[in-house]
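Okay, here's what each chain looks like letter by letter:
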Amino acid sequence: MTAVLDRLATKRALLWALLLGVVAAYAFPFLYLMLTSFKTPSDALAVPPTILPKVWSLENFAKALDTPGVTAAFINSITTAVLSTVISLVLAVPAAYAVSRFGTVSGRVFIVVALVTRMVPPVAIGVPLIGMMKTLGLTDTPVGTAIAHTTISLPLSIWLMVSFFEAVPAELEDAAKVDGCSRMGALIRVVLPVVSGGVAVTAIFAFLASWNEFLFALLLTAVKAQTVPILIANFQTQYGLQWGPMTAMATLYSIPVILLTLVLQRRIVAGLTLGAVKG
Amino acid sequence: MNRTTPGLSRRSFLQITGATGLAAAVTACGAGGSSSGGSSGSLTVLCESGGHAELTKIAAAFKKETGHAVTFVELPYDGLYNRLNSELSTGSVSFDLAAVDAIWLPTFADAFQSLDDLFTADVTADLFPSLVDGAQIKGKYVGMPAWTNAEILFYRKDLFEDASEKAAFRKKHGYELAPPSSWQQFQDTAAFFTRGTKLYGTDVKGAVETEWLAHVLQAGSPGVVLDDSGNVIIDNAQHVAALKFYSDLNNRLKVSPPGAAQLDWAGAQNLFSQGKTAMMRFWAHAYPLIPKDSPVHGKVGVAPMIAGSAGIGAIPGPFYLSIPNAGKNNDLAKQFIKFAYDNNKLAIQSSLGLAARKSAYSSYASKPGYEHFKALLTTLDGPATKSRPASPKWQQIVDTVLVPTIQKSLTQGADHAALLATARQEVEKLVK
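Same order as they appear, the protein sequences are chains P and X.
Under the working numbering, the first residue of the first sequence is numbered 2, with each subsequent residue one higher.
Under the working numbering, the first residue of the second sequence is numbered 116, with each subsequent residue one higher.
In short, the hints are calculated from the structure, not lab data.
Just so you know, even glycine gets a beta-carbon here, dropped at the ideal spot from N, CA and C.
Certain hints may be false.
[Unchecked claim] With a cut-off of at most 30 Å between alpha-carbon atoms, the simulated DSBU-like pairs for lysine-lysine come out as follows: (1) X/Lys281 with X/Lys253; (2) P/Lys64 with X/Lys286; (3) P/Lys135 with X/Lys449; (4) X/Lys172 with P/Lys64; (5) X/Lys508 with P/Lys64; (6) P/Lys64 with X/Lys449; (7) P/Lys55 with X/Lys449; (8) P/Lys55 with X/Lys172; (9) P/Lys55 with X/Lys272; (10) X/Lys443 with P/Lys135; (11) P/Lys64 with X/Lys453; (12) P/Lys64 with X/Lys414; (13) X/Lys453 with X/Lys414; (14) X/Lys178 with P/Lys135; (15) X/Lys544 with X/Lys272; (16) X/Lys359 with P/Lys64; (17) P/Lys64 with X/Lys281; (18) X/Lys359 with X/Lys286; (19) X/Lys414 with P/Lys55; (20) P/Lys55 with X/Lys407.
[What the hints assert, rightly or not] Facing chain X, according to a computed beta carbon distance under 7 Å, are these residues of chain P, among others: (21) Trp17; (22) Pro30; (23) Pro42; (24) Leu46; (25) Val48; (26) Thr51; (27) Thr105; (28) Val106; (29) Lys135; (30) Leu219; (31) Leu220; (32) Ala223; (33) Thr262; (34) Gln266; (35) Ile269; (36) Val270.
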């Protein structure tokens, strides 16, 4: 008996070690980025590199925040990401619901086509998007950038929502209809609250897709709607790479999404396990 | 029928549409202030983030004198190319003028307006010949030099001026220790200062091509990779000699830190700033930018780029101001370009401190803190200094042929002539 318990304890310890190793491998680059943001200019470039700063300094944060347009860029990033998330959910939820509930061939073709659009390199649609946004008067606006970002997040959002909707028993809706709900009413009042965790997961993915997007922001923004990823990239110039301020800006830019993930953590976990009870 | 699950009530509908309308109104314009692109009273300038500072003071002076505001759209270097490429190819441009890297001018020349009337005899006389050559594509001036740069020699003054080092060097080589001016002196000095892993004589950059190409010109080649008629000359004797000189520093003399094949500009600059190399061939702008907490701060001297049998030679790194044909403010844009040329000296007061006119550099060359200008002037006026070829395929040649060839040459036993013969075939395929 003791031997079995020992073996189980060893197995668990090994699994924990493996888990910690994987987490460390994923977390280390970000941790190193954060630590670099607290280093002095020379320390940030030390050969060989050091993990911890020799002297902890906030100089890089001061420089990063002193960059012209930094406040506007943060506001633009938040506005664009929120808009893109809203557009994505508004389009993905009914689309996914229809595909999931009606089960038509055209619906299945639709989601496959939606997936295929994910396979087109973004740069290929960048040039047409410039022309379209120019015609619509949406270049250099958060709305235009958000619409462009939605082209990235929408297919994934539809696919995610389809899987969440399919995990909800049709009997729930039938019961709602018996109680007098229309189909839309059943969706809004019964189904959506059940898949709220899935909606949170989809929202997070859509938000992150827009928050971190670089290419469309580069092509479609100029002065008014420039987002933070462009500002971060601007620290690498023809004349040198400003590691310190770049890492400081990247650290600051990570904070909102980390907070968002922490706030929505419970719902995300609930959403991720939603499909597990499908039966 | 008692409707228990109605659609939206009128109040809810009005609330939602009202909120959406307000959000749309708020977000329709970004938070970055007003963009002036396209309006007749102001100018929008597309530029690389590093070069933005070069034009800031000029723009302020332009506004003061003419009342026309200048808005800058700053982009990362690669992003600037992508933006130019996409907008110029669609003919729908969001900018009035752009600060363009010299190597991109041939690619976009057809989309840029002629500036021939700005290139008077007085103007060309005050510009370095290589810059004037680079501005002219297919017989048309499509860009006005805004600022330029070139590689010069950085060295550790504390080492070069040390009495014991001087004596040891004289004893070993039979001549005085001084900033090297020839290939042989450079090799001697680099070998002399290589002290195990603590200090290396210099660096060898395998991830960039410009430095090797400078040595090609120093060796007397009529051009780099292509001659003036567009013929491929990458395997001529001068290219081979320069590649041998370059790779010998790493392979035979071992005077450079390990990892040469992957070393780029930032890495080389970092090694020098950390005190790991005694000499560095690098772009002149870096002289005033050595970090204050660097162990070599205040101990750095500068000299012109080294010379080969054809004399001092370097590849200039200019940026040009160009006006898109599809621009809406072309007259005002041209007025700005002329103003920028006339007031080129203002660019020197920027963080990079670079200009394009000889007179602008000369006016600062004797001032403290601008010691690198003398070396830069000598290098840019060097007999072998020459622009890169005006080929729209240049960037592709660099990425797919030149850098891989240099990297292969940095392995022991590399056959330089064979490498360049292969490179010739690859370049010919690209330019055909």
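Hint check results:
no., hint, result
1, X/Lys281 with X/Lys253, "52 Å, violated"
2, P/Lys64 with X/Lys286, "49 Å, violated"
3, P/Lys135 with X/Lys449, "25 Å, holds"
4, X/Lys172 with P/Lys64, "20 Å, holds"
5, X/Lys508 with P/Lys64, "38 Å, violated"
6, P/Lys64 with X/Lys449, "34 Å, violated"
7, P/Lys55 with X/Lys449, "51 Å, violated"
8, P/Lys55 with X/Lys172, "37 Å, violated"
9, P/Lys55 with X/Lys272, "27 Å, holds"
10, X/Lys443 with P/Lys135, "14 Å, holds"
11, P/Lys64 with X/Lys453, "33 Å, violated"
12, P/Lys64 with X/Lys414, "26 Å, holds"
13, X/Lys453 with X/Lys414, "39 Å, violated"
14, X/Lys178 with P/Lys135, "28 Å, holds"
15, X/Lys544 with X/Lys272, "47 Å, violated"
16, X/Lys359 with P/Lys64, "43 Å, violated"
17, P/Lys64 with X/Lys281, "42 Å, violated"
18, X/Lys359 with X/Lys286, "27 Å, holds"
19, X/Lys414 with P/Lys55, "23 Å, holds"
20, P/Lys55 with X/Lys407, "16 Å, holds"
21, Trp17, "37 Å, violated"
22, Pro30, "18 Å, violated"
23, Pro42, "4 Å, holds"
24, Leu46, "4 Å, holds"
25, Val48, "5 Å, holds"
26, Thr51, "12 Å, violated"
27, Thr105, "24 Å, violated"
28, Val106, "29 Å, violated"
29, Lys135, "5 Å, holds"
30, Leu219, "5 Å, holds"
31, Leu220, "6 Å, holds"
32, Ala223, "4 Å, holds"
33, Thr262, "24 Å, violated"
34, Gln266, "27 Å, violated"
35, Ile269, "25 Å, violated"
36, Val270, "30 Å, violated"
Hint violations for this structure: numbers 1, 2, 5, 6, 7, 8, 11, 13, 15, 16, 17, 21, 22, 26, 27, 28, 33, 34, 35, 36, all remaining hints satisfied.
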